[in-house]
Each structure stands twice: as structure tokens, then as C-alpha cells.
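No gaps in the numbering here: position 144 of the sequence shown is 144 in the UniProt record's numbering, and each next residue is one more.
Calculated from the structure, these hints are not laboratory results.
Computed from a predicted structure; not experimentally measured.
Some hints here could point you the wrong way.
Claimed, not checked - Derived SDA-like pairs: lysine to any residue, alpha-carbon spacing no greater than 25 Å straight-line: (1) 35 / 143; (2) 28 / 105; (3) 89 / 139; (4) 19 / 38; (5) 28 / 139; (6) 63 / 39; (7) 35 / 24; (8) 19 / 37; (9) 89 / 113; (10) 35 / 2; (11) 35 / 122; (12) 28 / 104; (13) 94 / 15; (14) 94 / 137; (15) 35 / 150.
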Amino acid sequence: MKMYEIADIIDGYRGLSRKALEYGETTKALVDASKQTGFDASRWDEIAAFLDPESFERVGNFKEVMDWPSYRDFLAGWAPTAEWECSFKRVTEKGNLVLLELEERTTMGGVQNAVNSLSVYAFDQDGKIRHLDIYLQMPLPDPAMLASYADVDISG
Numbered sequence: 001m002k003m004y005e006i007a008d009i010i011d012g013y014r015g016l017s018r019k020a021l022e023y024g025e026t027t028k029a030l031v032d033a034s035k036q037t038g039f040d041a042s043r044w045d046e047i048a049a050f051l052d053p054e055s056f057e058r059v060g061n062f063k064e065v066m067d068w069p070s071y072r073d074f075l076a077g078w079a080p081t082a083e084w085e086c087s088f089k090r091v092t093e094k095g096n097l098v099l100l101e102l103e104e105r106t107t108m109g110g111v112q113n114a115v116n117s118l119s120v121y122a123f124d125q126d127g128k129i130r131h132l133d134i135y136l137q138m139p140l141p142d143p144a145m146l147a148s149y150a151d152v153d154i155s156g
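Throw the hints in and build the complete structure from the sequences for me.
So, in C-alpha cells, the structure goes:
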């Protein structure tokens, strides 16, 4: 399967699929910006424009459940120590659901990791993300990659 950068394909999409792609592009921009001197952590609230922050729930890689404030705090702690990029594989939209398949590449502490991801975006009637499920295919991670989850409750 040929993969593309999101920036190269985003103009071919509309509706909720495009919103999911824009969410990814905004996340990438903020991850990159978070490493700059003077980055204001309140900029993570730019992602809230895509969400219903009051009802948002994210179920992550290890079945950890986060509301918007928890997810924002997680991103603010993770992003300055990580390099993250992705390549687009496929997107499917049905009703209020968008399934976005990516190859995601992360480097933390000199350790590189590449995974296939499937993110399931559930949108509300106003086009805001209310729920996000993350599924990964990956080799067993190096323990250093798990360090960023030290303060996250992964008990399910």
C-alpha cells in the first residue's frame, strides 16, 4: 500500500474525514512547536476546537481512558520529549464515524518506533469529536518508550 503525507492528500477530502485529517495536522504542528523556546502549553487548547471538550473521551494505546483535561496534560508532557510523524494510508467515513489508518513514527530518548494505527473518531451532530479510540499494530516496545505513561492509569 502506497503511503502519503497528510499534507499531500488532505485537499481531496471533505466533511468529517477532512476534520480528522486536520486534527492530525494540528497535533503534528503542536508537537513540533512544543520543542521551541517559549512554547506556551495553553496552545494545546487549539486541539479543543476539534472536540466537544465537555464530553470528549479518548481510549488510548493501553486502554487508558482520558477526558480532555487529562489528554491535554498528557500531550503537554509527552510532546516536548518526542519526535512524531505519520504517513497516511486510508480513511473511511460512515455516518458520524471516521476510521483513519496511519503509519506513525515516534522517537523518544533516541529510541525509534513505527506502528500501524487505526483511530476511530466518533463525531457529534455539530461535527465535534466526542470519542476517539486508538488501535495499534506494533512490535513490543522498548521500555524507554513506555516511560511517558508513568503517570497514566492503564488499569482499564
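Against the structure, the hints:
The hinted pair formed by residue 35 and residue 143 meets the criterion: a straight-line CA distance of about 23 Å does not exceed 25 Å. Distance check on the hinted pair: residue 28 and residue 105 sit about 12 Å apart at the alpha-carbon level, within 25 Å; holds. Our distance criterion of 25 Å between C-alpha atoms is met by residue 89 and residue 139, whose separation comes to about 19 Å. A distance of roughly 28 Å separates the Cα atoms of residue 19 and residue 38; the hinted pair therefore is violated under the 25 Å criterion.
Of the supplied pair hints, the one linking residue 28 and residue 139 holds, its CA atoms being roughly 23 Å apart against a limit of 25 Å. For the proposed pair residue 63 and residue 39, the alpha carbon gap of about 30 Å is over 25 Å, so the pair is violated. Between residue 35 and residue 24 the alpha-carbon distance is near 18 Å, which keeps this suggested pair within the 25 Å criterion. Restraint check for residue 19 and residue 37: not satisfied, since their Cα atoms lie roughly 29 Å apart, outside the 25 Å limit.
As the CA atoms of residue 89 and residue 113 are separated by approximately 17 Å, the hinted pair is consistent with the 25 Å bound. A distance of roughly 30 Å separates the Cα atoms of residue 35 and residue 2; the hinted pair therefore is violated under the 25 Å criterion. Taking the CA atoms of residue 35 and residue 122, the gap is about 30 Å. The hint is violated against a cut of 25 Å. A C-alpha spacing of about 11 Å is found between residue 28 and residue 104, which places the hinted pair at or below 25 Å, so the restraint holds.
With a CA separation close to 11 Å, the supplied pair residue 94 and residue 15 stays within the 25 Å bound. For the hint linking residue 94 to residue 137, the alpha-carbon distance of about 23 Å falls within 25 Å, and the restraint holds. Restraint check for residue 35 and residue 150: satisfied, since their Cα atoms lie roughly 21 Å apart, inside the 25 Å limit.
When each numbered hint is compared with the structure, violations occur for hints 4, 6, 8, 10, 11.
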